[in-house]
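Following the hints, complete the assembly by docking chains U and R with the ligand onto the known chain Y.
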Amino acid sequence: MAKKPVGPQMILANCLREGRALFFGRDGAWHAEPALADVAEGDGLDALMAKARAFADANNVIDPVFIPAEQKDDHYYPAHIKHVMQAKGPSVRPDLGYQVSPDWERR
Amino acid sequence: MKRINLTGRALSDVALTVFDQSPEAAQELAGKNAPYGLILTTETAYSDLDPELIEKADLIAIDFPAFGDGRGFSLAVRLRKDFNFTGELRATGPVIPDQAQFLLRAGFDSVDTDDARAAAFQKAAGRFTAFYQTDYTGNTSVAHTRHGPSQRERKAS
Amino acid sequence: MYAYDPYDKEIVNTRVEEFRDQVNRRLSGELTEEEFRPLRLMNGLYLQLHAYMLRVAIPYGTLSSVQMRRLALIARKYDKGYGHFTTRQNIQYNWPKLVDTPDILLDLADVEMHAIQTSGNCIRNVTTDQFSGATADEIADPRPYAELIRQWSTFHPEFSFLPRKFKIAITGAPSDRAAVKWHDIGLVVRKNDAGDIGFEVLVGGGMGRTPVIAKTIRDFIPEADLLGYLEAILRVYNEQGRRDNKYKARIKILVEALGSDTFADLVEKEWQTTRHHPIDVPEAEIKRIEAFFAPPPLEVLPEQDPAVDELAANNFLFHAFLKNNVRPHKVPGHVNVTISLKPHGGIPGDATDAQMDLVADLADTYSLGEIRVSHEQNLILPHVARRDLPELYEALSRSGLGTANVGLISDIIACPGLDYCALANARSIPIAQNLAKRFDDITRLQDIGELKVKISGCINSCGHHHAGHIGILGVDRKGEEVYQLLLGGSGAEDASKAQILGPGFDENGIVDAVETVVAVYLGERQDGEKFLETYRRIGADPFKEAVYEAH
Ligand code: SF4
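Protein chains in written order, with full-length UniProt numbering: chain Y, 1 to 107; chain U, 1 to 157; chain R, 1 to 551.
Next up, chain Y with everything else stripped away, as it sits in the complex:
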């Protein structure tokens, strides 16, 4: 069994149909913006994952995983550069990905 992650965590997954990286939000839906992500820690982790996993079971997202979060200003953001990259898009293509806007894909 994997160790319980330490510190505040958010959940990241990819949507099945399009593959885009999404965060599990406080409103129980999936979002491009990490600022909307629900954050849990310690004993709260299992409940959060259970909620997120329901979407994987219903075939909407793939591979939900905990990722470490850190607080900046009023919100939590992914702590690791890899997840920051996933939240934004390629650093070498500022014209692509959610760094353009949260509804980038639909514009």
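Simulated from the structure, these hints should not be mistaken for lab results. Small disclaimer: the values here were computed from a predicted structure and weren't measured. Incorrect hints may have been included.
[Unchecked claim] From chain R, some residues computed to sit far from chain U (all C-beta separations above 10 Å):
| id | residue |
| --- | --- |
| 1 | 47 |
| 2 | 193 |
| 3 | 210 |
| 4 | 290 |
| 5 | 330 |
| 6 | 423 |
| 7 | 447 |
[Stated by the list, open to error] Each pair of labels, with its calculated beta carbon distance range:
| id | chain 1 | residue 1 | chain 2 | residue 2 | range |
| --- | --- | --- | --- | --- | --- |
| 8 | R | 507 | Y | 45 | 32 to 38 Å |
| 9 | R | 66 | Y | 74 | 54 to 60 Å |
| 10 | R | 272 | U | 32 | 32 to 38 Å |
Idealized CB from N, CA, C, for every residue including glycine.
Below, chains U and R with the ligand alone, put in the same frame as chain Y:
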């Protein structure tokens, strides 16, 4: 559990024993003078196999510990090619429907799978009709079929 | 070029329908992600950081203009207007939707292309020399053999679930431009004393955590026996390669463990028992495939052209283009033109849909409609009349494709790295961009001369850092991107493993370190020595001292 017949041959129902490379075990099977079947794992090295024991078996089941364990395919080819095994060859373990045609073409006759996957297995087994390799079901590679009917008769074994 | 016959068409089309069925079963929930993953991977569909990624094979790096236009169309229609040419003569699309992939495959099949076996533990796209069939130094065009291997390895009933991925490269020339010694199997076309064609066979090369240079296990295997011999190698590997540890599963580990002589004996024994088995294709089939690669009908032209010489004398950049991007064709008066996909500040290997369309048009006008893709992530127009160079150069320059840096320090191989790749530890592309910025002056580049920089974002080594004259490897140090510097590698016929120089650097430090290394070379080089020659003569120490003293 459902048994899928890939080749259409009459399937054997002899009891299976786990292959044991010791001479005593071989003697015991030979001594019984009754049809027998063997279970081989993908770990089995072909060099450990007793040619007589293999050739005389009615049925050999190759047990895949994981569907990606491709040793089972080479083992099947060995049995057909190097041991002249003509009995039924069965795949057991978590093989997947999308492998049906690979199994068939490597020399397997049958697969044990769970009921839910039986239909997908049947469908996948007949999907492709042209092949780049001559194989153990008698399919001739297109490299040969391209060059005339005389080549068409060629078989693998 | 090879053209599909009805059999080839049927096989590729059936594959598209099979994949459509698999995608539908996944979307409906009949297949779980665990079950679907290996199926999509076998079709080149990965899940990366931002999206799915589809890897399309460009068999032996040869494309027609029609195929190139289709690649452009796919970039436009299903992706974000660009594609990435990789070190294995594939193209990757970074943003396809799962639901679209069956249609993408159908569009590909329509121009005789596919994504079959571009991933997964099977025999991958066979790669070769980008100048095949158009270079004077080759014994024979290796592409017919690559096509033969492509067909034999496609949906092979026995070798589709190997311990690990399996890469074959083949070269027809003694100058190795396909890095054959870094492949699981490397094939070098040879001619024996009787004048017959055959192959030297090398096995067990590879990069990753354990870089190994392939060893020769047979000096000459006759043409007719090629597939049978490959089959014997694959059977031994499939049976005996390790499956308990994916880092030890490549054939290089098996060959090292057994010793290459023992491995060669096992293969030889297996091959002897299967020789003349129907695996050996009829001679007529080899002839049939060869006919597709008949030498192009080019007329012999004068070697010199006054207009070319005049432009070269007056236009410094064209002069550099001529020197660096153009090399002689086997037919006098013709040349191979390499189009650099390494514009300074750009992303190595990326091309937009408009650029792909333009290259297709230029291929039609100047290169008999043929294009090549190199493992160095550039495009090639193989059959250009020398006298057309001024026009061609003009058209390329106008579209940002005229960079005259082929083979120079800014012609950098870089994998996608952490900007795209889910396995990455660090970004590769920004390092390549910063290096190109640092070495931005073409006079300086030319003075430095041939210098191959290769960058990988993790130890998987897709950026071939082990084979770089200067190699750069990105690692993750507690969440920070750190770059190791390696020197002295080669992917050519004199293959060697690059060695780590010392402790790693941050994003800026690595660029400084490369600059220091270049300065040491320039100070130490003796008459006309290339970087690698100087490095081999003086060893790592002078570089180490200079690089780490400065810190
Ligand atoms: S070397 Fe690593 S980071 Fe680069 S593409 Fe390969 S797996 Fe990804």
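Going down the list of hints, with the structure as the test:
Remark: the non-interface label on residue 47(R) is consistent with the geometry, its nearest Cβ contact in chain U lying 18 Å away (cut-off 10 Å). Residue placement check: residue 193(R) keeps its beta carbon more than 10 Å from all beta carbons of chain U (closest about 29 Å). With a least CB separation of 22 Å from chain U, residue 210(R) remains clear of the 10 Å interface cut-off, as annotated. Taking the minimum C-beta to C-beta distance to chain U, about 13 Å, the non-interface status of residue 290(R) holds against the 10 Å cut.
At the 10 Å boundary, the C-beta of residue 330(R) stays outside the reach of chain U, the nearest C-beta of that chain being 29 Å off. For residue 423(R), the shortest C-beta to C-beta distance to chain U comes to about 19 Å, beyond the 10 Å cut-off, and the non-interface label holds. The claim that residue 447(R) lies off the interface holds: its Cβ sits roughly 51 Å from the closest Cβ of chain U, which is beyond the 10 Å cut-off. Under the hint 32 to 38 Å, the C-beta atoms of residue 507(R) and residue 45(Y), about 34 Å apart, fit the expected range.
Between residue 66(R) and residue 74(Y), the C-beta spacing of about 55 Å keeps the proposed range 54 to 60 Å intact. As the Cβ distance of residue 272(R) to residue 32(U) is approximately 36 Å, the hint placing it in 32 to 38 Å holds.
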